[in-house]
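J.: What follows is each chain in one-letter form.
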Amino acid sequence: MKQVVQAGEIRPPITHIGVIGWVKNNLFNGVFNSILTVVTLFLLWKVVPPFFRWAFIDSAWHTTSQACREAAGACWSIISMNYRFILFGFYPYEQHWRPFLAMMILFGLLFYSRDRSHWKKPLAYGWIIGLFTMGLLMKGGILGLPSVESTQWGGLPLTLLLAVFGLTAAYPLGVILALGRRSRMPGVKILCILYIEMIRGVPLISLLFMSSIIFPLFLPEGVTFNKILRAQVAIILFTAAYIAEVVRGGLQGMSRGQYEAAESIGLNYYLTMRLVILPQALKIVIPPTVSILISAFKDTSLVVIIALFDLLKTTQSVLSNPEWMGFSREAYVFVAILYFLGCFSMSNYSRKLEKELSRGD
Amino acid sequence: MNIEKKASEGQMIEFIDVHKWFGEFHVLQGINLSVDRQERIVICGPSGSGKSTLIRCINRLEEHQRGRIVVDGIELTNNIKNIEKIRAEVGMVFQHFNLFPHLTIVQNLSLGPIWVRKVPKKEAEETAMYYLEKVHIAEQARKFPGQLSGGQQQRVAIARSLCMNPKVMLFDEPTSALDPEMIKEVLDVMIELAQEGMTMIVVTHEMGFAKSVAHRVLFMDFGKIVEGNTPEEFFEHPQHERTKLFLSQILH
Numbered sequence: 206m207k208q209v210v211q212a213g214e215i216r217p218p219i220t221h222i223g224v225i226g227w228v229k230n231n232l233f234n235g236v237f238n239s240i241l242t243v244v245t246l247f248l249l250w251k252v253v254p255p256f257f258r259w260a261f262i263d264s265a266w267h268t269t270s271q272a273c274r275e276a277a278g279a280c281w282s283i284i285s286m287n288y289r290f291i292l293f294g295f296y297p298y299e300q301h302w303r304p305f306l307a308m309m310i311l312f313g314l315l316f317y318s319r320d321r322s323h324w325k326k327p328l329a330y331g332w333i334i335g336l337f338t339m340g341l342l343m344k345g346g347i348l349g350l351p352s353v354e355s356t357q358w359g360g361l362p363l364t365l366l367l368a369v370f371g372l373t374a375a376y377p378l379g380v381i382l383a384l385g386r387r388s389r390m391p392g393v394k395i396l397c398i399l400y401i402e403m404i405r406g407v408p409l410i411s412l413l414f415m416s417s418i419i420f421p422l423f424l425p426e427g428v429t430f431n432k433i434l435r436a437q438v439a440i441i442l443f444t445a446a447y448i449a450e451v452v453r454g455g456l457q458g459m460s461r462g463q464y465e466a467a468e469s470i471g472l473n474y475y476l477t478m479r480l481v482i483l484p485q486a487l488k489i490v491i492p493p494t495v496s497i498l499i500s501a502f503k504d505t506s507l508v509v510i511i512a513l514f515d516l517l518k519t520t521q522s523v524l525s526n527p528e529w530m531g532f533s534r535e536a537y538v539f540v541a542i543l544y545f546l547g548c549f550s551m552s553n554y555s556r557k558l559e560k561e562l563s564r565g566d
Numbered sequence: 003m004n005i006e007k008k009a010s011e012g013q014m015i016e017f018i019d020v021h022k023w024f025g026e027f028h029v030l031q032g033i034n035l036s037v038d039r040q041e042r043i044v045i046c047g048p049s050g051s052g053k054s055t056l057i058r059c060i061n062r063l064e065e066h067q068r069g070r071i072v073v074d075g076i077e078l079t080n081n082i083k084n085i086e087k088i089r090a091e092v093g094m095v096f097q098h099f100n101l102f103p104h105l106t107i108v109q110n111l112s113l114g115p116i117w118v119r120k121v122p123k124k125e126a127e128e129t130a131m132y133y134l135e136k137v138h139i140a141e142q143a144r145k146f147p148g149q150l151s152g153g154q155q156q157r158v159a160i161a162r163s164l165c166m167n168p169k170v171m172l173f174d175e176p177t178s179a180l181d182p183e184m185i186k187e188v189l190d191v192m193i194e195l196a197q198e199g200m201t202m203i204v205v206t207h208e209m210g211f212a213k214s215v216a217h218r219v220l221f222m223d224f225g226k227i228v229e230g231n232t233p234e235e236f237f238e239h240p241q242h243e244r245t246k247l248f249l250s251q252i253l254h
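Line by line, the protein sequences give chains A and B.
Position in the first sequence (from 1) plus 205 gives the number in my numbering.
Position in the second sequence (from 1) plus 2 gives the number in my numbering.
Simulated from the structure, these hints should not be mistaken for laboratory data.
All the pointers check out, no bait thrown in.
Negatives, chain B to chain A, calculated, CB over 10 Å: (1) 127; (2) 151; (3) 200.
Taking lysine-lysine and the DSBU-like style, the derived pairs with C-alpha atoms no more than 30 Å apart in a straight line are: (4) 120/B to 326/A; (5) 557/A to 123/B; (6) 488/A to 124/B.
Even for Gly, the Cβ is constructed at its ideal location relative to N, Cα and C.
Based on the sequences and whatever the hints tell you, model everything.
T.: Right under this line is the structure:
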């Protein structure tokens, strides 16, 4: 009892000890850690300044390839002189404003959709109109816009198209598959299990090959499907199977009491899932879901194997131009930065979403 | 058996020779029970005796395999529409509250009315606030369940059921998961509910509650209703050996 009474008088141990104290406690506490710290500092000193010099000081920014070869540092000219082709591929040069505008609409919509309080009916209409406008801009053929065949689409718009449609279509499909796999109806259940296991059993590359080479063999003479569409479907089907398994994990984490409480107030299966189970289950699996979405985003680069010119392929094309051969480091660093921006914003957004949704815990 | 009352008009719930098995385990062994409107019944018995299963059969959280169960004139069959109709009329309070953790308290309460009864949102929230007042917890309306104590959560759960304006309330050990100091606040709400004439079936070991509000106390053991009587008779003159043994164990 005495301890309880005195508890108020005991101060918590001092934990704030200033910079020097922090350095001492975290970097030099013991012989081994001190050695590690010194070695790390040495490596940083060896690596960082030369890189900085290569990338920013000795580098050529907007020159001919000839000038680039004489410079000691990075040749960013390969980007600045070729960025139109890297970003838009074989899309007609004078029409580049169209995919550019389409991308801006997409970014605008994505940016506006960040805030959950905007998730209302007008936003849905906004997306429908936006997607329609984007398609119109890309394809053309009316309103005085010259028609551009999808075989000429390429670069960043193609990557974004495959990724955005792939992810937004794969997610609901995955949720439906997960629910189907837990269904009490044996037919539905078996179909879903078969689907998930078969798709997960093959690499994405083989699915893409199938969609581009084998699938047309089954079509009657003269009937063709758009190549981009076929790749898009392959990506959706592939990603959905993985999402389904992650979501199933979330569903299994739900206690029976939640189902019973929902049922006991008279909610039917659909409402129980929509209002009670899925909001909780999907929240639990945000981290693994985002991993899948991120890897699916990067996997869109595999469409090079069926000769679609996505961002990575257009970059490689520039590198195969004799004039710019040998500057692959700079080109790949640039592409890596673009991919990183995409992936990092996804992971950042997911963290924000998780935080917002965890208010109730 | 004296628990079988004569069938009369307006019976709320009727069990006729109901059997249920969990695999090989015969959990309900021929239950006959009829509950009048506004009647309050307390069911007690050792764990595994089938008392929870019995009341969970009433809103079909468990399926019975033989016999008939009729709730408010509707027989429970595989007809899913009937089941949903009955569930909307029968409120249930669980041992572990089972509030929806991702919704605020007022959202927890208005969910059923809005989606099942198609009540406009504003009206549903007003009803929710009315019942929150009733369970003395209106000031917590905008919080999430995780921010409330066990006793408060259980009162919210009771209010959630009441929002559906049920004809019967089922309580499945409503105070068993609570810390001792919170039991009273929940029982008080239940007593108020009883005074308003709600039909109630309560599985509980709170014998004080049974004495003060129940019309009948049933004792279950091994899947059967061993005996049932008015609280006075039940506690003063238990008929069966097993009832006596059970009472001696819980009434120290």
